[in-house]
Amino acid sequence: AQSVTQLDSHVSVSEGTPVLLRCNYSSSYSPSLFWYVQHPNKGLQLLLKYTSAATLVKGINGFEAEFKKSETSFHLTKPSAHMSDAAEYFCVVSSRGSYIPTFGRGTSLIVHP
Amino acid sequence: EAQVTQNPRYLITVTGKKLTVTCSQNMNHEYMSWYRQDPGLGLRQIYYSMNVEVTDKGDVPEGYKVSRKEKRNFPLILESPSPNQTSLYFCASSLSGLGSYEQYFGPGTRLTVT
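Heads up: the sequence lines are chains P and R, in that order. Residue numbers are given in the working numbering: position 104 of the first sequence equals residue 106, and the series is strictly consecutive. Residue numbers are given in the working numbering: position 81 of the second sequence equals residue 89, and the series is strictly consecutive.
Note that these hints are calculated values from the structure, not bench results. Just so you know, these numbers come straight off a predicted model, no measurement behind them.
Here are the simulated DSSO-like pairs of lysine-lysine, each with C-alpha atoms no more than 30 angstroms apart in a straight line: (1) P:Lys44 with R:Lys79; (2) P:Lys44 with R:Lys77; (3) R:Lys26 with P:Lys44; (4) R:Lys77 with R:Lys25; (5) R:Lys73 with P:Lys44; (6) P:Lys44 with R:Lys65; (7) P:Lys44 with R:Lys25; (8) P:Lys70 with P:Lys51; (9) P:Lys60 with P:Lys44; (10) R:Lys77 with R:Lys26; (11) R:Lys65 with P:Lys51; (12) R:Lys79 with P:Lys51; (13) R:Lys25 with R:Lys65.
Distance ranges between label pairs, derived from CB positions: (14) R:Asp67 with P:Leu9: 13 to 23 angstroms; (15) R:Gly24 with P:Leu9: 37 to 47 angstroms; (16) P:Ser72 with R:Lys79: 40 to 50 angstroms; (17) R:Pro91 with P:Ser54: 38 to 48 angstroms; (18) R:Thr122 with P:Glu66: 41 to 51 angstroms.
Every residue, glycine too, gets a C-beta built ideally from N, C-alpha and C.
Let the sequences and hints guide you as you build the complete structure.
Here is the structure:
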């Protein structure tokens, strides 16, 4: 069984300040974890993924995430928010052998000027 | 350009009128899937296909049908749409269905059933 919880439905930051989007997961087997971004009226785009290699994963547009097995977390961070980062972000878990990934409910990132 | 296409992008229909949403990918991917996105619920998988002629139910298959006769196409069929199927639908494809592979998403189809 697998599940994912995005701890915040909305996160509001000012441009130039750090971003933290939180994700906790549950998985019976070694999980693969993903962060996707969805800009308004667009499909989802992969930001980064963890698949049992390095625990600190770097993605596109300056985002990174750290896999912490002891805390079952995969939080997404960025040192400095940009206006173009305003979007919906989804954390996804997929267990080894599973063909059905589980999506979190999403976190809406709002960036103020 | 590698992409997943869906048609139509927007559709308004009435209860009970059969409809098909098409999905096509040009990346020679084996795995394709359909999701619906509803506010506050994230994306939920409807059906998936591991390869041609191989399909299986996702988390919310009721009221939907799919077929995979060709590798590149994976249409979603609503035989008798109802208002609770009003949603935003996404098609996705992946090199393999095994968990470590990323998915490529289409632009979405917004369906309204009155």
